Structures are given as structure tokens and as C-alpha cells.
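Undergrad: Going down the list, the protein sequences come from chains A and B.
Taking our numbering, the leading residue of the first sequence gets 1, the next gets one more, and so forth.
Taking our numbering, the leading residue of the second sequence gets 1, the next gets one more, and so forth.
I should point out that these hints are in silico values taken from the structure, not numbers from a laboratory.
Incorrect hints may appear among the rest.
Label-pair distances were calculated between CB atoms; the ranges are [claimed, not checked]:
(1) G29/B / D26/A: 39 to 49 Å
(2) R19/B / K70/A: 41 to 51 Å
(3) P288/A / D73/B: 28 to 38 Å
(4) A38/A / D74/B: 18 to 28 Å
(5) E94/B / D212/A: 48 to 58 Å
(6) R123/B / R60/A: 27 to 37 Å
(7) R150/B / T59/A: 54 to 64 Å
Reference excerpt, derived from the structure (chain B facing chain A, CB under 7 Å, subset only) [what the hints assert, rightly or not]:
(8) L70
(9) Y71
(10) V84
(11) D120
Keep in mind it's a predicted model, so treat the numbers as computed, not measured.
Positions of the beta carbon are idealized from the N, C-alpha and C atoms, including for glycine.
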Amino acid sequence: MTAAALGKDLVGLEFLTADQIRLILDTAEPFKEVSERAIKKVPALRGKTIVNLFFEASTRTRISFEFAEKRLSADTVNVATSISSVSKGETLVDTARNLEAMRIDMVVIRHPSSGAAQFLGDRIRSNVINAGDGKHEHPTQGLLDLLTLRDRFGKLEGLKVAICGDVLHSRVARSNIWGLLKLGAEVALTGPATLIPRELAELGVQIIPRIDDAMAWADALNVLRLQLERMQGGFIPSLREYNRVFGVTRERLERAGKELVILHPGPMNRGVEIDSDVADGPCSVILPQVTNGVAIRMAVLYLLAGGAPEWQAS
Amino acid sequence: MPSVTRLLDDTAMAGALQRMAREVVEKSGGTGGLVLVGIQRRGVELAARLAALIGAAGPPVPLGKLDITLYRDDLSTIGPRPRVGETSLPDSIEGRTVVIVDDVLYTGRTIRAALDELADFGRPRRILLAVLVDRGGRELPIQADVVGQRIETGSDDRVDVAVQELDGRDAVELVQGAPL
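Using the sequences plus the hints, can you model the full thing?
TA: Dropping the structure here:
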């Protein structure tokens, strides 16, 4: 399979086939080794220019993309909206067209509106990679979760994964659901009814209201961040009660009586959705997730860069 | 119809590898500090064969493998390769004599990439190149130090190397009238 099979942009896992997702995961394997070298750099993307366009706060994802870009020898520019012309009222498409007029090859975009990456990808010739758009998708996070689970279990077919907590606001949940289902895993959602959209059941996931039941069922638990900044709607009574009813605690883990693998996309609210002794315990793969994130982003950048923008090809 | 000419059968290939193993030791000035590095894919198997032949008479020879995909100069024109293979080198190549092993030497671009990649892992004392087949057609000023078989080919020809480990047989064949 050639790179053209990935298309021009990476907007979401919803739009990829199982083979395309496997291609990205397999391509990420050798990139893990690049990050272990003394000189952590290969020339694959030498001369490519990439803009990281972040309209929303991010530490992990932005740094991860930047490392991935630099380890492939691309030239990068970071644009944070607070110090760009966006604060003067420039529209998304104007910002992007201006960047493209400077002959950039790729844009990595994070935006608070669902659909922003698709919108941009349809309007510029550069490759666009979605680094999180509103409540829609965060495909590279979904991919790194798949890679981490595959590392741990050897395969994803038949694996039972429970996604816990604030599914409603979570683009990570949506990317996980699409990716896991396409690769043959089973998915369950658990959390407060106010934060679990019923319509997601139509995608083929089950909803397990009680977290203890979900833990008894699952092989792995993807614990979502409670998005405190989006909690004006009165979705939960209090953080303490949330922790008591839905928090992943050591007592719950011991009660489940098995080696559940625990993922969390970060940043964590310790003592809310996850307790410190779980997050830092032997079941946690939270730091391997971060390591895999760089390899996954290198793979995505490498595969998309092969399909040259039209103004180069013609 | 493409025509297939057998250049080396299994016996001839074994003989060629024996000769190459001797020449590698001669040109490296002995086996001290020697490291063999095979280029993915079939160079890896050939390097292992040479290492076994050289190691049979003395201490084992350190072995590495190199995938040069990420060092190619044609990503924008040809696009990425479908699979990137593994790169693993012995602990250090610093100050060693590194012998790059590949199946076929043609344009020289693979070896150019391999030299760039090796430089990112350290500074060997010397680097030599050993290939089973030199088919001419160089596009860069690169030559092999040890050659199993030299042949003349045209740009429409293809040279196929089969190895027991991957293909179930040992052979070198010239395929004419069926370019890649």
C-alpha cells in the first residue's frame, strides 16, 4: 500500500480503513527505535515546512508533534493564537491561506470547534493533521492508544476496552471508539449518564452504567480526563462525589481482581477520575502512551508527506 | 515475455560467499574490530552468512542491520515505502571497521544513504562495501571493495537475489524485459 492510500489529510479515524490504521501502527514501530538513538534524527522530511497551529491550550500534544517533526528533520513554526493575528479577528481560513502563501507543506491544527480540521483541509493544498477539534476527534491520540494496547496485549482483535468518564466532551473517546471497533476490539462506555451520549450505542459500543461492572468486563480501561473547563452545565454534583462513584481507585482495581491495563490521555486530575496510586502503579501505561505518541506522529507525518501538495507535483 | 537467466545457482552462490568472506578479512586487515552491517532486506541475510563463515575460524563477528528508508532522497518524488524495516547496530561502531553488505550494487544511492545513516551512529575507523552482485549503472561515485559477481546490465533489466532464509532457495537471476 502506498501513502496515497492515506489521502491528503488526517482528520479522524472514522475516515480510515482498518488497513490504513494498521499501516500507521506498523510504520510507527521503527520510529520508536529512532527516539532511542544517540542522534535522535533522520533526514526523511528534510526541507519540509510544517506549521503547528494551536487555537487551544496544549502541552503534551504540541510538544509531541514538535519532537516528531524535528526528529524527521522538518522545519517547524509554532503559532499560538494568543500572540497571532487571530487575536485581531483574522478568520481560520485567512490565517491558513497566508501560511500557505509562504509555501508550507503541512499544517497541524488544534481548534475548539468540531470540524475545523476538515474545514481547513478542504480549503488549502497543504496536508492537514487534526490535533484535536472540539468534541469531534483526536486521531493521533486514538492511534497512540491503539499502539500502546497492541504493545501490551499483542493484538487488538477481541480485546475488551472500557472508556470511562467524560465521554460527552471527549474527542479522545470518539477516536478510540472508531479505531478500536475497526480493528476488531469490543468497546464499552461507562460514567455518569449525563456524560455518556446514548447515541454512541449506535456505533456498536455497549454502555455499562456502573464502573465496577465495566471493570469486571474489560481487559483495559481508558480513563478520560474530566474536562473541568467544560463543566458549567451541572453534569456532576461534585468532584468528590464523582471520585467516589466513578473514580478509578486502588480499592476498585483490587475488587476487580485482575490485571487491568490503565490508560489516560492526560492531563490527569489526580484524585478525581484517577487516584495517584493507580496512575503511578504497575497497571498504568500512561507514560508508554506518551512515548508512543511521538512514534505515531512521526509515522503519520512521514506517510502524509509522501503525497506531495499539488503545487509541488505539477 | 521476460527472459530469466540464472547467473548463480546455490553452489556457485556458496562459492562466491566463501571467496567474499576471505576477501573481507584480507581487506579489513584481520577480524579485530570488524563489524558486518547488512542492508534490509537481503543484505541482512547475506551479512549473517558472511559473519558465520568468518566466525567459523575464530571469535564471532558482531552483526548489525540497517534500514535506509528514512535516509532516501526520493520521498517527494516516489513517496514513502510501504514498510520501514528495523535498524539495529552493535553497541558501538566508533573506531571499528564496518563492512556494509548488500545483495546488488546498482545506482549507488542506497549506499549513499547507508553512509549517511552510519555517520549518525558514530565514526568508524573505516567503512568497506561488500556486494554479492555488481550490475554497473552507477549514478554516484561509489564502488564496492568486495564483489561476488560482476555483470553488465541494461536499465530495463532486473537482478533478483533469492536467499534460503526468505525465499526457500539460493540463486541470482537476471530478468530481462521486465523492469520493476
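Undergrad: Please write out, lowest number first, the hints stated earlier that are contradicted by the structure.
TA: As far as the earlier hints go, not one is violated by this structure.
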